[in-house]
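K.L.:
Going line by line, the protein sequences match chains A and B. Each residue of the first sequence is one higher than the one before, starting from 1 at the first, in this note's numbering. Each residue of the second sequence is one higher than the one before, starting from 1 at the first, in this note's numbering.
Note that these hints are calculated values from the structure, not bench results. Built from N, CA and C at the ideal position, the CB exists for glycine as well. Among these hints, one or two may not hold up.
[What the hints assert, rightly or not] Which stretches of chain A does chain B cover? Using the computed rule of at least three CB atoms under 8 Å from a CB of chain B, they are:
#1 427-440
#2 699-709
[What the hints assert, rightly or not] If we take Cβ atoms under 8 Å as the criterion, some of the chain B residues that face chain A in the derived model are:
#3 Asn63
#4 Thr92
#5 Arg95
#6 Asn97
#7 Ala119
#8 Met144
#9 His146
#10 Phe147
Letter by letter, the chains look like this.
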Amino acid sequence: MFDVPTSMISPLERKLLRDLGKMKGQVFAVSLVMACGLAMMIMTRSLIMTLETTRSTYYQKYAMADIFATLKRAPLSVADQLATLPGVATVETRVAVDVTLDLPDLSAPATGHIISLPEDGGPQKLNRLFLRTGRFPNSDERREVVLGESFANANGLQTGDSLVAVINGRRETLKICGIGLSPEYVFEARAGETLPDHKRFSVIWMNYRALAVAYNLDGAFNDVLIDLAPGASPEPVIQEMDRLLAPYGAGGAFLRKEQASAQRLDDELRVLHALSVAYPLVFLSVAAFMVNAVLARIVRLQREQIAQMKALGYSSWQVGGHYMKYVLVIGVLGTLIGGIGGRLLGAVLVDMYTLFFRFPSLVFKMDYGALGLALFVSLGASVLGVLTVVWQAVKLPPAEAMRPEPPADFKPSLLERIGLTRFFSPVFRMALRNIERRPWQAVFTSSGLALATGLMVLPGAMADSIDYLLTFQWNSQQRQDVAVFLSEPGSGRGFHDLEHLPGVIRAEPIRSVQARLIFGHRHRKLSVTGIAPGANLNRLLDDKSHPIAMPEEGLLMSAMLAKVLGASIGDEVEVEVLEGRRPILSIPICGLVTDFAGVAAYMDISALRRSLKEGDTVNGAYLALDHKRWDEFMRSLKDTPRAAVVMVKQDQLSAFRETTGKSIGILRKLYFVLATIVAFGVVYNSARIALSERSRELATLRVVGFSLAEVRGVLVGELAILVLLALPFGLLFGRGLALFIMSSFSTETVRLPIVINSSTYSVAILVVLTAAGLSFALVSRMIAKLDMVGVLKARD
Amino acid sequence: MNAATYPPPISRGVVFQARGVRKVYHTGELDVVALHGVNIDLNAGELVCLLGASGSGKSTLLNILGGLDVPTSGELIYKGWPLDGSDENTLTLFRRNCVGFVFQFYNLIPSLTARENVALITSISRDPMTPEEALEMVGLGARMDHFPSELSGGEQQRVAIARAIAKRPEVLLCDEPTGALDVTTGITVLEAVERINRELGTLTVIITHNAVMAEMADRVLYLSDGKIVNTRHNEIRLPASQLKW
Numbered sequence: 001m002f003d004v005p006t007s008m009i010s011p012l013e014r015k016l017l018r019d020l021g022k023m024k025g026q027v028f029a030v031s032l033v034m035a036c037g038l039a040m041m042i043m044t045r046s047l048i049m050t051l052e053t054t055r056s057t058y059y060q061k062y063a064m065a066d067i068f069a070t071l072k073r074a075p076l077s078v079a080d081q082l083a084t085l086p087g088v089a090t091v092e093t094r095v096a097v098d099v100t101l102d103l104p105d106l107s108a109p110a111t112g113h114i115i116s117l118p119e120d121g122g123p124q125k126l127n128r129l130f131l132r133t134g135r136f137p138n139s140d141e142r143r144e145v146v147l148g149e150s151f152a153n154a155n156g157l158q159t160g161d162s163l164v165a166v167i168n169g170r171r172e173t174l175k176i177c178g179i180g181l182s183p184e185y186v187f188e189a190r191a192g193e194t195l196p197d198h199k200r201f202s203v204i205w206m207n208y209r210a211l212a213v214a215y216n217l218d219g220a221f222n223d224v225l226i227d228l229a230p231g232a233s234p235e236p237v238i239q240e241m242d243r244l245l246a247p248y249g250a251g252g253a254f255l256r257k258e259q260a261s262a263q264r265l266d267d268e269l270r271v272l273h274a275l276s277v278a279y280p281l282v283f284l285s286v287a288a289f290m291v292n293a294v295l296a297r298i299v300r301l302q303r304e305q306i307a308q309m310k311a312l313g314y315s316s317w318q319v320g321g322h323y324m325k326y327v328l329v330i331g332v333l334g335t336l337i338g339g340i341g342g343r344l345l346g347a348v349l350v351d352m353y354t355l356f357f358r359f360p361s362l363v364f365k366m367d368y369g370a371l372g373l374a375l376f377v378s379l380g381a382s383v384l385g386v387l388t389v390v391w392q393a394v395k396l397p398p399a400e401a402m403r404p405e406p407p408a409d410f411k412p413s414l415l416e417r418i419g420l421t422r423f424f425s426p427v428f429r430m431a432l433r434n435i436e437r438r439p440w441q442a443v444f445t446s447s448g449l450a451l452a453t454g455l456m457v458l459p460g461a462m463a464d465s466i467d468y469l470l471t472f473q474w475n476s477q478q479r480q481d482v483a484v485f486l487s488e489p490g491s492g493r494g495f496h497d498l499e500h501l502p503g504v505i506r507a508e509p510i511r512s513v514q515a516r517l518i519f520g521h522r523h524r525k526l527s528v529t530g531i532a533p534g535a536n537l538n539r540l541l542d543d544k545s546h547p548i549a550m551p552e553e554g555l556l557m558s559a560m561l562a563k564v565l566g567a568s569i570g571d572e573v574e575v576e577v578l579e580g581r582r583p584i585l586s587i588p589i590c591g592l593v594t595d596f597a598g599v600a601a602y603m604d605i606s607a608l609r610r611s612l613k614e615g616d617t618v619n620g621a622y623l624a625l626d627h628k629r630w631d632e633f634m635r636s637l638k639d640t641p642r643a644a645v646v647m648v649k650q651d652q653l654s655a656f657r658e659t660t661g662k663s664i665g666i667l668r669k670l671y672f673v674l675a676t677i678v679a680f681g682v683v684y685n686s687a688r689i690a691l692s693e694r695s696r697e698l699a700t701l702r703v704v705g706f707s708l709a710e711v712r713g714v715l716v717g718e719l720a721i722l723v724l725l726a727l728p729f730g731l732l733f734g735r736g737l738a739l740f741i742m743s744s745f746s747t748e749t750v751r752l753p754i755v756i757n758s759s760t761y762s763v764a765i766l767v768v769l770t771a772a773g774l775s776f777a778l779v780s781r782m783i784a785k786l787d788m789v790g791v792l793k794a795r796d
Numbered sequence: 001m002n003a004a005t006y007p008p009p010i011s012r013g014v015v016f017q018a019r020g021v022r023k024v025y026h027t028g029e030l031d032v033v034a035l036h037g038v039n040i041d042l043n044a045g046e047l048v049c050l051l052g053a054s055g056s057g058k059s060t061l062l063n064i065l066g067g068l069d070v071p072t073s074g075e076l077i078y079k080g081w082p083l084d085g086s087d088e089n090t091l092t093l094f095r096r097n098c099v100g101f102v103f104q105f106y107n108l109i110p111s112l113t114a115r116e117n118v119a120l121i122t123s124i125s126r127d128p129m130t131p132e133e134a135l136e137m138v139g140l141g142a143r144m145d146h147f148p149s150e151l152s153g154g155e156q157q158r159v160a161i162a163r164a165i166a167k168r169p170e171v172l173l174c175d176e177p178t179g180a181l182d183v184t185t186g187i188t189v190l191e192a193v194e195r196i197n198r199e200l201g202t203l204t205v206i207i208t209h210n211a212v213m214a215e216m217a218d219r220v221l222y223l224s225d226g227k228i229v230n231t232r233h234n235e236i237r238l239p240a241s242q243l244k245w
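When you get a sec, could you build the whole thing from the sequences and use the hints?
P.N.:
Next up, the structure:
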């Protein structure tokens, strides 16, 4: 492996290569641990770069808007007023509506979000459509549409096919003339949804006139996009827009970073950022510990060689440099393996993002800067770790170094000094005294082992958390089968219709209203959902999974929302309703709800209606169904024109498993494999070092008649003490690391509950013990091959 | 007490019987013959010196006698028990119960005190003396609780001897036991070996470069080129205390 037959290299370098060749197992183990950390760092940094550059190119090339607003209805002339606002460069008005799609292969109705193309038939100025196949609708065609790519793929639809949509109560057959995607829908999901459901949600683009006429919006718009002039500040523009659009039922303009798809992409990048530093850093620390241990051992064993080199006239710098090259070789090897590994893993993992995110193309880009940085960091840490060792070696005068080292200085161990001697066998005493004599070496070895143990906790914790989330969200919290939302809020009759659909066993009404919740200088725009007291289908639970009773007055809100607003129970929040008569209410927070996707606020439905000064209005219902009548229910629902959005719990669960569940599953497996490699590498390295440092003792024991098994016991005993010491610290550290990393995953859109089951700790222990067992077995084979006489006749 | 007044060895029974013992080492493409068919009988209670230049085969012979190595061919009988062709476990048991070793470098376990180093052996032997007795025999009764780092070279070597004889071995094998010591200390160590040989009747084989040391032996075997080329019987064994070099 290291035998390079060349006369170009100096004798010292040849010595280096041969020394490394002799210990190739260890060199490989250390390089591999380093490579794991580097691969992970390079992979995540490259994925970040890939997503960021792809996003920025896409946003730029397809003119992603800076500011978004939706409203009820405004005449097109308002657009001209918007265009004159200072800071506004481009305005694009649209009609955007949610419709029900009826696909013959789908039992439940799907949702289509139809966006109009420019009314003048010209090209889009903002949020431009990327056509994957086909063409834009002909300007005089009422029924031609461009269909979102994910939905088309999920349902096997192609250009030339048609699909049925219920547009303002009328069934229309739409003809697909193109398949496309838009920077506005990189993350393609229903408003407020944190999971994509490509089978049942699509964005659709069609000509303005056909859509506007159907919704009585001809000559008007209900959705507007703004592009800011370079250097313009968004806040004054938003203020002016809100002032201008308020009479037209606008729900408040918002920035790109608050736009659902952009926000989800930001959140994903935040997760990657969280993973790209802390976790790989632990790997690299382990590698630095290992390099230190290996080099300290080489230097100790080569004490005489160092003296001879100096006696021959090599300077301390040359000798020091020679030993530093060991570190460099390990570092370069680790970086090579890590770089290649990171690149391969990244290229595979980038495909995972196509589960969530749609770009015209998503091609993995290697972050070479990260590679350089990673090499610099890992080598820097390793070199720092071994500086002392090398310095001590080279500062010895040659004559002194050539004399054999005096016997190591020992004293009774602490446990013996406090009087426990009689309980210990000589072999156990050897182990204890060895540990106590070089406490730092023991601390380093144990720290490496503890870090390796800790690394095992995160993958398990991820799995535990997903399991908990599935049970919590889909068993304890959501007990409905279906949630149906109406296209417009309506009277109690709408609820009555839903309640009496075939197969409905239980129905609970929903009245939700768009509002801005303000506390101090912080605010969030979201739906406040009114639910019936004693509602049992969509239950609100606290952090211990216990149901929270709905107060007669007051708000319940996601704990995350309270955190974002900086509010707590008892605080009064300003609720600025963005619909109807737009009242501004002051409502106290009465409880915090535990949930893991998005943020939400809830009120008693009657209290909410009273605040809005309305009767028994509803805009949806949670329904529990008789599963035997499922198809019958869905058929009827498809014929209910006012049902605009249907969310089937089972489908959401599948979507979760297919997307978040799958991506976390992939990461979890990857981390598990890497952590296992580290555990094995660390234990093996420690065992090899112990063997090489103590070969004389072990050979002595063999010579005086100890059996192979007894000699193994001596070596294993000491390592076992270190492993056992490391385990509890490792588990504690792992818990801390998992908590730290997983809480940095937590965003407003998606959170993971932090759950670590005892089985995760057991697995971590089991893997480390197995790694220890295998390493001991390998080292035991080496003990059997010890040259007893050779070792004993050699000078120390 | 002078040499003439020494009592005869306790027993003259044959301990080792070697017939045509050959040892060949395969190193790369080269076969190195270390022993060329050695024939020898070693008796209980004897003190035998092996003399010879480097590479003459002394150490190889000692290692084979001590069960650290096996002959390539030939016959080696220990008290009627064939050692040639024995497996690893048998050789371990042989070393554990029958042989004590002393090397040039003392090979003590640095993390154990003198007493504990000896106890390491007594804990696995069939009929050992106590560590204290063994250390008394080598004159280290007062230094039993010292770690190797607290002992002089001679003292460390005497601990090594105590460790070797604590199991009451039939055979004590010493490979250059004074090689790393000055004259005075070396003589102290040889006195300890001599005392063990005399009082316990242990067959003692000493490898040395030092011809003077041969004066304390019953028999001196000269090795050259893997063969015993000469044998000398000393009519009078000089006490170690009278040796000078």
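K.L.:
Flag every earlier hint the structure violates by its number, smallest first.
P.N.:
8, 9
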